[in-house]
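Novice: Just so you know, the protein sequences line up as chains A and B, in that order. To convert, note that position 24 of the first sequence is 24 in the UniProt record's numbering; the numbers rise steadily by one, no gaps. To convert, note that position 20 of the second sequence is 20 in the UniProt record's numbering; the numbers rise steadily by one, no gaps.
Keep in mind the hints are simulated off the structure, nothing from the lab. Hints are not guaranteed to be accurate.
[As the list claims (entries may be wrong)] Non-contacting residues of chain B with respect to chain A, defined by C-beta distances greater than 10 Å in every case (computed):
{"no.": "1", "residue": "T9"}
{"no.": "2", "residue": "F91"}
{"no.": "3", "residue": "M101"}
{"no.": "4", "residue": "E116"}
{"no.": "5", "residue": "G132"}
{"no.": "6", "residue": "P166"}
[What the hints assert, rightly or not] Calculated pairs, DSSO-like style, for lysine-lysine (alpha carbon to alpha carbon, straight line, at most 27 Å):
{"no.": "7", "chain 1": "A", "residue 1": "K103", "chain 2": "B", "residue 2": "K105"}
{"no.": "8", "chain 1": "B", "residue 1": "K105", "chain 2": "A", "residue 2": "K105"}
{"no.": "9", "chain 1": "A", "residue 1": "K50", "chain 2": "B", "residue 2": "K185"}
For clarity, every value in this text was computed on a predicted model and none was experimentally measured. C-beta: ideal position from N, C-alpha, C; glycine also.
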Amino acid sequence: MQNNHHKERLYKILVIGDLGVGKTSIIKRYVHHNFSPNYRATIGVDFALKVLTWDQETVRLQLWDIAGQERFGNMTRVYYREAMGAFIVFDVTRPASFEAVTKWKEDLDSKLTLANGKNVATVLLANKCDQGQEVLTNNGIKMDQFCQENGFVGWFQTSAKENINIDEAANCLVKHIIASENDMLQSEVPDTINPQLEKEKRGTCSSCFRSQ
Amino acid sequence: GTGSPFSRTTALNMKVKDPVDIETLRTAAASKGGLLTDELRRKVWPKLLNINVYDLPHKPDLSWKKTLLDIQTDMKRGRMAIAMLDTLSNFHLRDFMDPTMDSTKHILNYLMPILEQVDAELHDFMIRAEVGTIFALSWLITWYGHVLSEFKHTLRLYDFFLASHPLMPIYLAATIVLHREKEVKQTECDMAMVHHLLSRIPPDLPYELLIGQAQELFEQYPPSLLAKRLTVSSTSSSGRIVKVKEKKTAELFRNHLCLVKTCERGFKKQ
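If we strip away everything but chain A, and leave its shape as in the complex, we get (with noise of 0.2 Å):
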C-alpha cells in the first residue's frame, strides 16, 4: 500500500433501480457517449468499463448493469460483491419507480456492506428530467432530506438523452468511494498516509447535492 498513488484503482459500482427507469442507457451515455431511443429490457446482468484520470491517477470504474425486474433479484446476488459503489436510479415521470428506491436502497444495504461494516457510498439518480415532469424532484430541499434520511451520499437530476449530470453524478460517487476506501484504510493500517486526498466524512457531502 505504500505506493498508494501509483497504484490503479478499480471500482464495481453497480446500477440498480426498476424497469425501464433508464439504467442500461445512463451506462451507455457515460461510457459509450451515444444514446438509443430503442427500449431493450437487460436480462440477467451486464456490465461496462470507464477509465477517468482523477489526482493523476487511473481510475477503471467497472458499472454492473443490474436488471431491474424483480424476479431475477435472488439470481443477481452473487454480482454485488465486491462492489464499492451504487447508483439507484428511479424516473421522474414515474412515482411508482421512485417508491421502489428505498425498497432498492434496503435491498443493497442487506446485500452488501463494506469491509468495516458500512454501507457503500450511494447516489440517487432522477432520471429523464428532459421529460419536463420534474414534479417530483422539483423540491430540492425535501430531497436531500431524503437523501439524508436514506443514506445516499448526494442526488443528481439526469438525463441520459440530453446528457444532463450524468459525469457529475459520477464523479461525486467516485469522490465517495475514495474516501470511504481511505477511511478504510486508515482505520486498519494507523499509520498509513495518504496526503494527496481530503479526508472528508461519509453522508455530508452537500457539494454533491445539485444546486437549485
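Position chain B relative to chain A; hints supplied.
Specialist: This is chain B only, laid out in the frame that chain A set:
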C-alpha cells in the same frame, strides 16, 4: 443428400400437406439450413406445436388481448402468433413463465455438468472464475433472440428449438461456450471478465455446426443422465403456475417477437 435449397423447399412444401408426418417435419426443421423460408415456417411451426390453423380461437383470452392492444398498431392480426406463444408458454417455455426464477435456474444448472463432461479443464476454469451461468439467461428466456444481431439466425434457431426437446437451448449454450473454449481460457480468470466475454455472442458463429453438436451432446449426455449431477434441487413440476399472468405474457411477447413477426404476414418486416 439435402439437395439445393429450391428443391428442398419444394420437397418440404409437399410434406406440409395433410396428413402431416410430424417426425419428418421435425427432422427437416432440425437438419441443415432448417426450414429455409418464412412461408414454410408459417406452415410448419404451428404443426410442430400441433396447432390447427383452421381452428384458431377467435377471441384470445383476456391476458393475451391486453398484450395485443400494446402492439396492435403494428399488427393486422395476431391469432397465429398468439396460439403458438400460448402453446409454447405451456410447453417449451413453460419453465420461464413462473413468477420466480427457480425453474429457469434449474435449467441453467444443466450447463456446467455438460461442460464438465466434454472439457473438464474449461469447466474448472469457469468454476475458478466463479462466473456462474447468468450470462446464458437471456439466451434461454428469449431463445437467443435477445442477443443475436441477425434475424435469420434467430429464425434458424427457432426451427431447431421448435423441433427439439425443451432443454435443447441449454445444450446449444454449452456448444457455444465450448466453441469459444480458447478465448475463454485466455481470458483473465475473473468473474467479470469471463461473464463479459461469454455474454456477448460473436456475430459469426457457425450455427449449422453448433446445432449438430448440440444434438450430439443431447444424445450423448441426455438430461436424465445430467439430472443426477445437478447440485441444486429443482422445484417439482407439480404445483407450477400454469395460468399465464398478464405481465408475463407481455414479456413473452417481447422476448419472442421473432415468432410474432414471422407468423403474421401483416406484421411489418424488420
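Novice: Is B:K105 close enough to A:K105, meaning Cα to Cα at most 27 Å?
Specialist: Satisfied, since the Cα-Cα distance of roughly 25 Å is no more than 27 Å.
Novice: Would B:T9 pass as off the interface with chain A, using Cβ distances and a cut of 10 Å?
Specialist: holds (33 Å)
Novice: Taking 27 Å as the top limit, are the C-alpha atoms of A:K103 and B:K105 close enough?
Specialist: holds (24 Å)
Novice: Hey, does B:G132 actually stay past 10 Å from chain A on C-beta?
Specialist: violated (6 Å)
Novice: For B:P166, is the shortest CB-to-CB distance to chain A above 10 Å, so the non-interface label stands?
Specialist: Check passes; 19 Å lies beyond 10 Å.
Novice: Beyond 10 Å from chain A, beta-carbon-wise, is B:M101?
Specialist: Incorrect as stated: the minimum Cβ-Cβ distance to chain A is 5 Å, not above 10 Å.
Novice: Was B:E116 rightly flagged as not at the interface, with every chain A Cβ beyond 10 Å?
Specialist: holds (20 Å)
Novice: Tell me if the straight-line CA distance from A:K50 to B:K185 falls inside 27 Å.
Specialist: Roughly 24 Å between the alpha carbons, so the hint for A:K50 and B:K185 holds.
Novice: Since B:F91 was said not to touch the interface, does its Cβ keep a gap of more than 10 Å from each Cβ of chain A?
Specialist: B:F91 clear of chain A: closest Cβ-Cβ about 21 Å, beyond 10 Å.
Violation of the numbered hints given earlier is confined to hints 3 and 5; the remaining hints are satisfied by the structure.
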